[in-house]
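Chemist: Listed here are the chains, written in short residue letters.
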Amino acid sequence: MPGRIQSIERAAALLRLLSGAPQGLSLGEISRTSGLPKGTALGILRTLQHVGFVEQATETGHYRLGGGLLSLGSRYLDGNELRTRALNWADSLASLSGESVRIGTLHEHQVLVVHHVFRPDSSRQTLDVGSLLPLHATSLGQILLAFDPIASTPDLPAFTRHTITSPDTLAERTEAIREAGWAWEADELVEGEMSVSAPIQDRRGITVGAIGVRGAVERLRGDDDGPDREKVSYVRDAARAISRELGATPF
Amino acid sequence: MSQQYIAAIDQGTTSSRCILFDRDGRIVSVDQREHRQIFPKPGWVEHDAKELWTNVEVVLQRSLQKSDITPDQVAAIGITNQRETTVVWDKETGEPVYNAIVWQDTRTDDIVRELAADEGQDRFRHICGLPLATYFSGPKIRWLLDNVDGLRERAERGEVLFGTIDTWIIWQLTGKHVTDVTNASRTMLMNVHTLEWDDVVLEALGVPRAILPEIRSSSEVYGEARGYLAGTPVASALGDQHAALFGQTCFDPGDVKGTYGTGTFLVMNTGTEAIHSENGLLTTLGYKLGDEDAVYALEGSVAVTGSLVQWLRDNLGLISSAPEIETLARTVDDNGGCYIVPAFSGLFAPHWRSDARGVMAGLTGYVTKGHIARAVLEATAWQTREVVDAMNADSHIDLTTLKVDGGMTADNLLMQILSDVLDAEVVRPMVAETTCLGAAYAAGLAVGYWPDVETLRANWHKAAEWNPKMDSAKREHEYHNWKKAVRRTLDWVEHEDADHGDKV
Numbered sequence: 001m002p003g004r005i006q007s008i009e010r011a012a013a014l015l016r017l018l019s020g021a022p023q024g025l026s027l028g029e030i031s032r033t034s035g036l037p038k039g040t041a042l043g044i045l046r047t048l049q050h051v052g053f054v055e056q057a058t059e060t061g062h063y064r065l066g067g068g069l070l071s072l073g074s075r076y077l078d079g080n081e082l083r084t085r086a087l088n089w090a091d092s093l094a095s096l097s098g099e100s101v102r103i104g105t106l107h108e109h110q111v112l113v114v115h116h117v118f119r120p121d122s123s124r125q126t127l128d129v130g131s132l133l134p135l136h137a138t139s140l141g142q143i144l145l146a147f148d149p150i151a152s153t154p155d156l157p158a159f160t161r162h163t164i165t166s167p168d169t170l171a172e173r174t175e176a177i178r179e180a181g182w183a184w185e186a187d188e189l190v191e192g193e194m195s196v197s198a199p200i201q202d203r204r205g206i207t208v209g210a211i212g213v214r215g216a217v218e219r220l221r222g223d224d225d226g227p228d229r230e231k232v233s234y235v236r237d238a239a240r241a242i243s244r245e246l247g248a249t250p251f
Numbered sequence: 001m002s003q004q005y006i007a008a009i010d011q012g013t014t015s016s017r018c019i020l021f022d023r024d025g026r027i028v029s030v031d032q033r034e035h036r037q038i039f040p041k042p043g044w045v046e047h048d049a050k051e052l053w054t055n056v057e058v059v060l061q062r063s064l065q066k067s068d069i070t071p072d073q074v075a076a077i078g079i080t081n082q083r084e085t086t087v088v089w090d091k092e093t094g095e096p097v098y099n100a101i102v103w104q105d106t107r108t109d110d111i112v113r114e115l116a117a118d119e120g121q122d123r124f125r126h127i128c129g130l131p132l133a134t135y136f137s138g139p140k141i142r143w144l145l146d147n148v149d150g151l152r153e154r155a156e157r158g159e160v161l162f163g164t165i166d167t168w169i170i171w172q173l174t175g176k177h178v179t180d181v182t183n184a185s186r187t188m189l190m191n192v193h194t195l196e197w198d199d200v201v202l203e204a205l206g207v208p209r210a211i212l213p214e215i216r217s218s219s220e221v222y223g224e225a226r227g228y229l230a231g232t233p234v235a236s237a238l239g240d241q242h243a244a245l246f247g248q249t250c251f252d253p254g255d256v257k258g259t260y261g262t263g264t265f266l267v268m269n270t271g272t273e274a275i276h277s278e279n280g281l282l283t284t285l286g287y288k289l290g291d292e293d294a295v296y297a298l299e300g301s302v303a304v305t306g307s308l309v310q311w312l313r314d315n316l317g318l319i320s321s322a323p324e325i326e327t328l329a330r331t332v333d334d335n336g337g338c339y340i341v342p343a344f345s346g347l348f349a350p351h352w353r354s355d356a357r358g359v360m361a362g363l364t365g366y367v368t369k370g371h372i373a374r375a376v377l378e379a380t381a382w383q384t385r386e387v388v389d390a391m392n393a394d395s396h397i398d399l400t401t402l403k404v405d406g407g408m409t410a411d412n413l414l415m416q417i418l419s420d421v422l423d424a425e426v427v428r429p430m431v432a433e434t435t436c437l438g439a440a441y442a443a444g445l446a447v448g449y450w451p452d453v454e455t456l457r458a459n460w461h462k463a464a465e466w467n468p469k470m471d472s473a474k475r476e477h478e479y480h481n482w483k484k485a486v487r488r489t490l491d492w493v494e495h496e497d498a499d500h501g502d503k504v
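Each protein sequence line maps, in turn, to chains X and S.
Numbering-wise (UniProt numbering), the first sequence opens with residue 1 and increments by one.
Numbering-wise (UniProt numbering), the second sequence opens with residue 1 and increments by one.
Isolated chain X, as found in the complex (with noise of 0.2 Å):
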């Protein structure tokens, strides 16, 4: 078994000193209350500094810790702070769309519905935040199938006969939504239904989520087989404000 590396301790080790730290320190300080010399710690900031785990203030020349490190703690958006910011857009996206809208994120190998908009009709609907959908089936499901790294589905169960049963089929689909940015399905989870999805991402670019309408085919559907234009257009600006909206205000 290979030993520890000596030069990752000492990283870990500034690391922790500048935590400590938000109004940031000076060289001189770093090497004092480390016992390091100078020079050695000089080298380990400035590595720090490249792969973006430390900053340098330009005023005071001060180290603190970079953006870099933050990002890697905080992948995780809460559920409802992303209903919380999204309310107004998702209301409206209902309202221009006349569909019912829905907001999921990624919970293991499923969507979690964070946020669930009614058809603005008069008609009888269910709030159903906290179901669960799969992730091969529906368009919001392929949607973080094609931009989160991590989403993945172990299998590919039939809802309906044209529910995507084959891994490279969902491969196929799912470069093609990378490539045109949104998603769309029809009658993949229900037979005579369609949705239209696409992708709501943070500030680092990180897709935290999918909104997406879902209504009858008849309604949806546009001059060709896909779905019509210009809910697609209403689906993606939603989803552009809500990302602004994430982007806008640091958490």
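Hints are computed from structural coordinates only; laboratory data are not their basis.
Some hints could be false.
Said to hold, decoys possible - Using 20 Å as the maximum straight-line C-alpha spacing, the simulated SDA-like pairs for lysine to any residue come out as follows:
hint, chain 1, residue 1, chain 2, residue 2
1, S, 469, X, 124
2, S, 66, X, 237
3, S, 91, S, 224
4, S, 66, X, 96
5, S, 66, X, 245
What the hints assert, rightly or not - Negatives, chain S to chain X, calculated, CB over 10 Å:
hint, residue
6, 2
7, 24
8, 26
9, 104
10, 158
11, 198
Please read all numbers here as calculations on a predicted model, not as lab measurements.
Using N, Cα and C, we set each Cβ at its ideal position, and we do this for glycine too.
On the provided structure of chain X, position chain S as indicated by the hints.
Modeler: Leaving out everything else, chain S in the frame of chain X:
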């Protein structure tokens, strides 16, 4: 003919907004601008009335430009506003004689105490529906007359004008000096039965009638705008909570809306008769459409709801953002026996106890931060229940549906708990901007953009709905415990502590 829209101006406590709505009641364009909060002394809050007007002009113009809408496409302008905030200005020059005194400002504390003297807080309640309190405009006018050099004389000579913010904006837009019944109902100066300025109250407060605007309905053409939207009818005015009631299409007696923000405002439509509350609620105007009979309302507010969540975030650090309260609360199935009554500055409706202070009750070694988060959400629900019970008792109508809006409605768990403790359906409308929507609706009705309230009702769509899932035995048991916790808040502030913030 090109597409027509309604412009709704919302002049609020922290910002001014303008939203353009289309015929389906959908938002077409929004612009917003914040203004300065001026704090000259502890407890004093002012706005620069000229800045408010400038911002209103800017957001009005920008909301049109953002969506390439031309002034002739605006069918009418509606106004909703922060209530009670008081402006007095020179009739000739239009120059305010002092900053606008904001509703939260407590400088009229002494005036209010003096007026209450022997006859008590409820001295004018039978006339104006309100207890004597620092919020309302009447005492603020009195303060200005007493403290601004030469103002009383100028007021008596009719050289200055008073207005709440609706009046200030309408005057700037059209040159007309008018207010609507809902805004007038927050001055303490209007008789809620006759809908006219009341001589008894005017006399007692020493306010000359000459400075007061004409009281009009909430939905009629007050005049035509000048400036950028020259010729456009200015056709509605409603205080913010009244506009939200109207925007939520609470047109029938018994309809209730709840706006959940840092605090919560509950308003119930009680029909065409003013109901005097036996249970500590305020009697107020709902709205008045043109020549139709005025519609009355009961109002109850809860001081601490969303701000309790902020307290958990900022003071206790149990969560890092407000929405996380739901995540934390969902780590447990119930409150674990823990109840929080956030009587941070006393208990308001329906208790009105300034000697109460907050408690966290029922603690055992079993209670975790998840239980505390749950108790925080439940506190909002039980406080709502207490106000709703008071409304039901006063109106003899049982609530069946609560229409909610405001930031806290994003919390699905809270909405479910609310439905459970009220044993009623809770619905969130598709258009969350109910305040602006209400002002737009009232203006649109006045100019025939919408034919009738039935059309508006058809525009209203549910975005979400929650139904009670709690069995009644459990509900009664929990309510019983909540009431026990409330009793433990009482008598906390003793007389010598009275100066440490026991002002309600």
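Chemist: It remains to establish, for every hint, whether it holds in the given structure.
Modeler: Hint by hint, here is what the structure shows:
A threshold of 20 Å between alpha carbons decides the hint, and for residue 469/S with residue 124/X the separation of about 17 Å falls inside it, so the pair holds. Between the alpha carbons of residue 66/S and residue 237/X the distance comes to roughly 16 Å, so the proposed pair stays at or under 20 Å and holds. Only pairs whose Cα atoms come within 20 Å are accepted, and residue 91/S paired with residue 224/S is accepted, the gap being roughly 19 Å. Between residue 66/S and residue 96/X the alpha-carbon distance is near 18 Å, which keeps this suggested pair within the 20 Å criterion.
Between the alpha carbons of residue 66/S and residue 245/X the distance comes to roughly 19 Å, so the proposed pair stays at or under 20 Å and holds. Annotated as non-interface, residue 2/S keeps its C-beta farther than 10 Å from every C-beta of chain X; the closest such distance is 20 Å. With a minimum CB-CB distance of about 8 Å to chain X, residue 24/S fails to clear the 10 Å threshold, and the non-interface call is violated. Some Cβ of chain X comes within 10 Å of the Cβ of residue 26/S; the nearest lies about 5 Å off, and the non-interface call is violated.
The non-interface label for residue 104/S is consistent with chain X: the shortest C-beta to C-beta separation is roughly 26 Å, beyond 10 Å. Separation of residue 158/S from chain X is adequate, the least Cβ-Cβ distance of about 46 Å exceeding the 10 Å criterion. The Cβ of residue 198/S sits about 42 Å from the closest Cβ of chain X, beyond the 10 Å cut-off, so the non-interface label holds.
The structure fails hints 7 and 8 (numbered hints given earlier, in ascending order).
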